[in-house]
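Let the sequences and hints guide you as you build the complete structure.
2 protein chains.
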Amino acid sequence: MQPMPLLVVGSVAIDNVETPQARRDDLLGGSATHFSYAASFFTDVQLVGVVGTDWPAEHTKLLSDRGIDTSGLKVADGKTFRWTGRYESNMNDRETLDVQLNVFGEFNPVLSEKYRRTEYVFLANGVPALQMRVLDQVPGCRLAVADTMDLWIQTTHDDLMKLLHRLDGLVINDMEAKMLADTENLVLAGHRVRKLGPKFVIIKKGEHGAMFFSEHETYVMPAYPTEKVVDPTGAGDSFAGGMMGYLAEHDNFEPHSLKTAMAYGILVASFDVEGFGLERMQQISREDIEQRMTLYKKMLRF
Amino acid sequence: MQPMPLLVVGSVAIDNVETPQARRDDLLGGSATHFSYAASFFTDVQLVGVVGTDWPAEHTKLLSDRGIDTSGLKVADGKTFRWTGRYESNMNDRETLDVQLNVFGEFNPVLSEKYRRTEYVFLANGVPALQMRVLDQVPGCRLAVADTMDLWIQTTHDDLMKLLHRLDGLVINDMEAKMLADTENLVLAGHRVRKLGPKFVIIKKGEHGAMFFSEHETYVMPAYPTEKVVDPTGAGDSFAGGMMGYLAEHDNFEPHSLKTAMAYGILVASFDVEGFGLERMQQISREDIEQRMTLYKKMLRF
Chain A
0 MQPMPLLVVG
10 SVAIDNVETP
20 QARRDDLLGG
30 SATHFSYAAS
40 FFTDVQLVGV
50 VGTDWPAEHT
60 KLLSDRGIDT
70 SGLKVADGKT
80 FRWTGRYESN
90 MNDRETLDVQ
100 LNVFGEFNPV
110 LSEKYRRTEY
120 VFLANGVPAL
130 QMRVLDQVPG
140 CRLAVADTMD
150 LWIQTTHDDL
160 MKLLHRLDGL
170 VINDMEAKML
180 ADTENLVLAG
190 HRVRKLGPKF
200 VIIKKGEHGA
210 MFFSEHETYV
220 MPAYPTEKVV
230 DPTGAGDSFA
240 GGMMGYLAEH
250 DNFEPHSLKT
260 AMAYGILVAS
270 FDVEGFGLER
280 MQQISREDIE
290 QRMTLYKKML
300 RF
Chain B
0 MQPMPLLVVG
10 SVAIDNVETP
20 QARRDDLLGG
30 SATHFSYAAS
40 FFTDVQLVGV
50 VGTDWPAEHT
60 KLLSDRGIDT
70 SGLKVADGKT
80 FRWTGRYESN
90 MNDRETLDVQ
100 LNVFGEFNPV
110 LSEKYRRTEY
120 VFLANGVPAL
130 QMRVLDQVPG
140 CRLAVADTMD
150 LWIQTTHDDL
160 MKLLHRLDGL
170 VINDMEAKML
180 ADTENLVLAG
190 HRVRKLGPKF
200 VIIKKGEHGA
210 MFFSEHETYV
220 MPAYPTEKVV
230 DPTGAGDSFA
240 GGMMGYLAEH
250 DNFEPHSLKT
260 AMAYGILVAS
270 FDVEGFGLER
280 MQQISREDIE
290 QRMTLYKKML
300 RF
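Respectively, the protein sequence lines represent chains A and B.
0 is the number of the first residue of the first sequence in numbering that gives the first Met the number 0; add one for each residue after it.
0 is the number of the first residue of the second sequence in numbering that gives the first Met the number 0; add one for each residue after it.
Since the hints were derived computationally from the structure, they do not count as laboratory data.
A hint or two may mislead.
Below, a list of computed lysine-lysine pairs in the BS3-like style, where the Cα atoms sit at most 25 Å apart [as the list claims (entries may be wrong)]: (1) A:K194 with B:K227; (2) A:K297 with B:K227; (3) A:K296 with B:K198.
This is how it looks when you write it as structure tokens:
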């Protein structure tokens, strides 16, 4: 098999995270960052984002040392996107204490010639209009998957509807799916969102795993049970990174591959939450993921 | 294989249920009722409970027509236990609008000689002291599993602790597990509760499935994805009934059987919630359960 490169466009940020146990400042964060690192276990990743002049060079080095192509990470005048959040004791609900979009507020990605030829593309959470402008630049894209969030569902609904028709897959969390589909039943929500355009919809349920919906398939996969939840920030992005990484690695998105890819996404995310920022992912290798996969498959077999 | 009889002791009630879609009064309800019906797909069930003189004979007939042994269902002077509840739009959170314990408040089960020889026993939700008095009467019991609830965790904590040491298995919901273990992490909660005595603990997560904890095993199984949630009342009891029914049918509670049994519990519960009271279970046969099992196994295979 010939792994395919994977393009991700999204936020690159500096995070401050507070949990009931600890507080950590100046963490390397952002949706595209978590995605890239997670996907880098599987294939070559091309990261497109923007940071400010305050961005520490060591952060870029950390990513490029993983083999992530950071040539699409632009430095703009101003400060890097900053997010500060606090998790409740359930480690699921969180409060955003502060958001400073800074240079990310003016983010308008222009892809290089090389990047425009990418066939596997992930549009991390962002304004739908911007996500569509990225799609305009990848005419040969074979698998376009996007994330979105409650803010865009509420404030840019029309653009989001246009985007959905152009997607192969949409990855959203349970709250967003309920909002978008106007129902509390997640199975119904998944089918309704799929009918809005995407060929498949994945609903992320955090500690409860993820659900998959396509025209002919509906399934649920549980999260990997871990008692060590240190920082859930980026769990959804590392899920998407592991999933898309596996698909690009195998250059295949047939139903069976999608299911295996979802399992890999769940497992990479289960590592991601075991440390602050990218810390836990930095400690592991593909072999650790494969070992957990063996346990996960055993868990689901009876 | 020689199916073993299964004894259940618990509430038998008349329910009024209100959902966002409908309201239904005078439903055949109660924990032992849902359990019995669910277990009757697998083995012979002996139901021990109490009702009042207002109890409709057709309810008993409905159960005995299923082959459930209702000789342990006593009629006492007074009224039957009545419960009225209302479900929120998420069909998960519910409010108890009215409870009248009536004759169930004085419930003090005395088992017949035949019942005292039962080897598979389920203590449906009830006062821990009462659950222990039942255990005293089944000296040859090989598999004792109980349910409990937040009220007993809070008000009869010492008795509950004594009970836990006498159990093979405990089945509780996620909120109760968190309360009993004093942690928001369900994986940690499961292990902590197990260390309080039971050989295994099962945490019911409603629409998110169930988790299993023993000394050597931890696993999660997702719920069967259904868009038709009509009335969740009794889902946990039908889960336990399906699970215990399978174990008694096979007279085996080795790790592999426990896992398969948990899957059967999940599937019977997925039918139970598709109608009010016992209505949906009344429409199905063992074959329907087996068909859903085939789909469920396929869903978990990749």
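Hint by hint, here is what the structure shows:
1. Annotation: proposed proximity of A:K194 to B:K227 holds, straight-line Cα distance about 18 Å (limit 25 Å).
2. Between A:K297 and B:K227 the CA atoms are separated by roughly 30 Å; this puts the pair beyond 25 Å, and the hint is violated.
3. Using a Cα cut-off of 25 Å, the hinted pair A:K296 and B:K198 holds, with the two alpha carbons roughly 24 Å apart.
Figure legend: structure checked against the earlier numbered hints; the only hint not met is number 2.
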